[in-house]
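Trainee: These are the residues of each chain, in order.
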Amino acid sequence: KAGVTQTPRYLIKTRGQQVTLSCSPISGHRSVSWYQQTPGQGLQFLFEYFSETQRNKGNFPGRFSGRQFSNSRSEMNVSTLELGDSALYLCASSLGTDANTGELFFGEGSRLTVL
Amino acid sequence: AQTVTQSQPEMSVQEAETVTLSCTYDTSESDYYLFWYKQPPSRQMILVIRQEAYKQQNATENRFSVNFQKAAKSFSLKISDSQLGDAAMYFCAYCRRDKIIFGKGTRLHILP
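Sequence lines, in order, name chains A and F.
The numbering of the first sequence is the working numbering, which starts it at 1 and goes up by one.
The numbering of the second sequence is the working numbering, which starts it at 1 and goes up by one.
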């Protein structure tokens, strides 16, 4: 069974640009969640999608957005990039149903550097 | 709002010794899950151990065990016979109804 796949693994952008990150969950998983990891703030929840609908959202500005497709793949987009957006962005998938125990399966992350 | 606190940003332990990582959380709910996740350097995060709040028995996975004190809202992780491969960032997490909150993590160093 393939794991969670995130692309690209590394990318460099400049301030003001936008970026799109992709996440393919484990087959059969319908929930995809996104996290921003920085040395200072730790792991912060961005949002979670289930069956193409945003089900939960963290405290991030509107520049951060996401979506989920019918095949459960998800993308997140950050517009008007700021230096502080430099981080490791992690995607995780889970069953997301009532049977879900909350266990998350993480991808290796996309490391974004904003210059 | 629920919060998760890991009061030890960094810890070190001698190889083969035992170490305990602390985690406290705040919630008004009675039914939830608690997790410890491990993030090795430059590698993906993986689940170490899971505890259901309705179970009084502490979860155990080989060398990893937890001390779950529901009334005190404490969930510590004990690693026995520490190995070099245990060096990682450890995150405590609280989950209820697919909403998960992580602590800021504890970086564990293993001294040979």
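Quick caveat, the hints were computed from the structure, so don't treat them as lab data.
Watch out, some of these pointers could steer you wrong.
Claimed, not checked - Which residues of chain A face chain F? A partial, calculated answer using Cβ under 7 Å:
(1) G42
(2) N56
(3) F60
(4) E103
(5) E108
(6) L112
Unchecked claim - Below, a list of computed lysine-lysine pairs in the PhoX-like style, where the Cα atoms sit at most 20 Å apart:
(7) A:K57 with F:K104
(8) A:K57 with F:K99
(9) F:K73 with F:K104
(10) F:K78 with F:K104
(11) F:K99 with F:K78
Unchecked claim - Output of the computed footprint for chain A on chain F, the stretches with three or more beta carbons under 8 Å from beta carbons of chain A:
(12) 34 to 46
(13) 72 to 84
As the structure is a prediction and not an experimental result, all values here were calculated from the model.
We put the beta carbon where it would ideally sit given N, CA and C, even for glycine.
Trainee: Run every hint past the structure and note whether it holds.
Mentor: These are the hints, each one checked on the structure:
1. Because the closest C-beta pair between A:G42 and chain F is about 4 Å apart, less than 7 Å, the hint holds.
2. A distance limit of 7 Å between C-beta atoms decides the matter here; for A:N56 the minimum to chain F is near 5 Å, and the interface restraint holds.
3. Interface restraint check for A:F60: the shortest CB-CB distance to chain F comes to about 15 Å, outside 7 Å, so the restraint is violated.
4. The restraint placing A:E103 at the interface with chain F holds, with a minimum CB-CB distance near 6 Å, inside the 7 Å limit.
5. Interface hint status for A:E108: upheld, as the beta-carbon distance to the closest one in chain F is roughly 5 Å, under 7 Å.
6. Using the Cβ-Cβ criterion of 7 Å, the hint placing A:L112 at the interface with chain F is not satisfied: the shortest such distance is roughly 16 Å.
7. A threshold of 20 Å between alpha carbons decides the hint, and for A:K57 with F:K104 the separation of about 19 Å falls inside it, so the pair holds.
8. Restraint check: the Cα-Cα separation between A:K57 and F:K99 comes to about 9 Å, which is no more than 20 Å; the hinted pair holds.
9. A C-alpha spacing of about 17 Å is found between F:K73 and F:K104, which places the hinted pair at or below 20 Å, so the restraint holds.
10. Pair hint F:K78 plus F:K104 holds up; C-alpha atoms about 18 Å apart against a cutoff of 20 Å.
11. Straight-line distance between C-alpha atoms of F:K99 and F:K78 comes to about 25 Å, which puts the hinted pair past the 20 Å bound.
12. Three residues within the 8 Å Cβ limit are the bar, and the segment 34 to 46 of chain F against chain A gives 6, so the coverage statement holds.
13. Under the rule that three or more residues need a Cβ within less than 8 Å of chain A, the assignment of the segment 72 to 84 of chain F is violated, with 0 such residues.
The structure fails to meet hints 3, 6, 11, 13 from the earlier list, while all remaining hints are met.
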